[in-house]
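> This is what each chain is made of:
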Amino acid sequence: MAVINLDHISSNPLLPEVKEVMIEAIQNDYHNPSSQHKAGEYAAELLENSRNTTAQLLGAKDSREIVFTSCGTESINHAIKGVALANEDKGRHIITTNIEHNAVIRSLKRLSSQGFKVTSLPVDKNGRVDPAEVQNALTRETILISIMHSNNETGTIQPIKEIGEIAREKNVLFHTDAVDSVGIVPLDVQKLNVDLLSFSSNTFYGPTGVGGLYVRRGTKIFPLLDGGVQENNKRAGTENLIGIIGHKKAAELAMERMDSRFEHLNNLKNLLIKELPQYLNEYIINTNLEYSLPYLLNISLRYIEGESVMLLLSEEDIAVSTKSACATGSLRASHVLLSLGLSHADAQGTLVISFGWENSEEDIYRFLQALQNVVQTLRAMSPLYKSA
Amino acid sequence: MYNEVVMDHFKNPRNVGEIEDADGVGEVGNPLCGDMMTIYLKINDQRIDDIKFKTFGCGSAIAVSSMLTEMAKGKTLEEAKQISNKDVAQALEGLPKNKLHCSNLGADALHMAIQDYEDKKANVSRPGPRRQEAHEHAKDEKCYCPYCDVQISEDSPDFCQACQRELSEEHE
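Chain order of the listed sequences is V and X.
My numbering puts the first residue of the first sequence at 41, with every later residue one more than the last.
My numbering puts the first residue of the second sequence at 86, with every later residue one more than the last.
Only chain V is shown next, with the shape it has when bound in the complex:
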């Protein structure tokens, strides 16, 4: 039986159309886009074509505002460290939230160790930050706000537009980590009032190894990588042209199919939410259903632990992700789930279920049936279940 992939948040398979253009690109032996002979110029043209498509995807006015990177993590590191170092004469205070991705958390930790001050804001029990809290956290020293567009564990979407308005009014730079949103939900850097936005091509079925950073024109930022003058002097190093060509195709298809994909994914999510009570009791939905990504649902199954659920589902050829402490390298409960007010025990039973375009309703039913059996088996074994 084919494996049912309900773990698209970890990785997405390449679309067949993307594979096709990438294989062709490999065969074509493209030259270095920085070379000034004809072969180089042709490569540069392909690079710029992809940049234009990306600008269109993000609603950027000028394609020079797009910087290609190697991944979402690099984009985030670049945005945060590049802005902090280029603007520290104005102040050394940065605002963020308690539920960011580690790329943000650890970039800020690094800056903290260099003397920057970081204010990390809590989220409410629905997983959202209050824009008024951002306003209150601002000081004369604040140079940057970095708040994620959607959360990689819960799928909950933040009020970025409202926070952007505050940042704009106070003349503070605003970065959003939109790695799990771009290419999935309609999103426009002008409407969101952001100065910097990180994305990753793999989120919308493009290749891994291609990410990008939107940098609004006029934003003071240092490169993370120094060297040549590639990427309008913002990111040195010969471009990953084959990946960037594949990314262009993925971005085109994301725009073309955004509505139909959104509908499909959202239907799957709603079906799962609707059917869950027929198969399970005593679970907690950690995703804010009013403001969330269409392709992700985070649930905590009480009295059992997520890694064992994930492993038993894997035996049934179903792939999901878990956020239990046992399954992470650190053996620590997820900071995102604890921020939502979950107890350690409940956080342990957390599954992240994420769909892709190739999933069907049948997949959801097969998953639910398997999950019901797994939960029954594990609860029968759990000392916590009896005491409930």
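The hints are simulated quantities; they were obtained by calculation from the structure and are not laboratory data.
By construction, the Cβ of each residue, glycine as well, lies at the ideal position given by its N, Cα and C atoms.
Some hints here could point you the wrong way.
[To be verified] Which stretches of chain V does chain X cover? Using the computed rule of at least three CB atoms under 8 Å from a CB of chain X, they are:
1) 332-345
2) 350-361
[Claimed, not checked] Heads up, simulated DSS-like pairs for lysine-lysine below, C-alpha to C-alpha not over 25 Å straight-line:
3) V:K426 to X:K205
4) X:K158 to V:K426
5) V:K426 to X:K96
6) V:K426 to X:K137
[As the list claims (entries may be wrong)] Quick partial rundown of chain X residues pointing at chain V, CB under 8 Å, derived from the structure:
7) K96
8) P98
9) V101
10) M121
11) K139
12) T140
13) F141
14) G142
15) C143
16) I147
Guided by the hints, dock chain X onto chain V, whose structure is given.
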């Protein structure tokens, strides 16, 4: 991730359940790291006649519980006291390093259950077996660095002072 022996005990755990009128019950738990185990004993003539377990935890915690019950069944109490967590891990032909401390608590639970039995027999009154709320354990339980096995300070739970590594979550 896990070897075949561990997977076998995880998928087909032996001796799952409770013993209604158990002679001894032992509980260990650490929901901060993720696992809780309860061991039930039926003792006859200083020998473990029956043993059952209930476990909340990851694959290795369940496999450890299952293997431990197989190892202890039929042993005299004195023999059972000699079983160590390390013995259980060895019988499982090894566990991932980061699971050795947090999930490998089976022998501790067994020893507590034997203690419980002996206390009852000697009429020592103890408040047990306890079944505390998960989070009540959190403060006095310990966690260990998955990289160097040194105990992690509660003051800086995201950082191992010994090997200077950050312990936040893995990347998606």
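> Now tell me if each hint is right for this structure.
To see whether the hints hold, each was checked on the structure:
no.: 1; hint: 332-345; verdict: holds (count 3)
no.: 2; hint: 350-361; verdict: holds (count 4)
no.: 3; hint: V:K426 to X:K205; verdict: holds, 24 Å
no.: 4; hint: X:K158 to V:K426; verdict: holds, 24 Å
no.: 5; hint: V:K426 to X:K96; verdict: holds, 21 Å
no.: 6; hint: V:K426 to X:K137; verdict: holds, 15 Å
no.: 7; hint: K96; verdict: holds, 7 Å
no.: 8; hint: P98; verdict: holds, 7 Å
no.: 9; hint: V101; verdict: holds, 5 Å
no.: 10; hint: M121; verdict: holds, 6 Å
no.: 11; hint: K139; verdict: holds, 4 Å
no.: 12; hint: T140; verdict: holds, 6 Å
no.: 13; hint: F141; verdict: holds, 5 Å
no.: 14; hint: G142; verdict: holds, 5 Å
no.: 15; hint: C143; verdict: holds, 4 Å
no.: 16; hint: I147; verdict: holds, 6 Å
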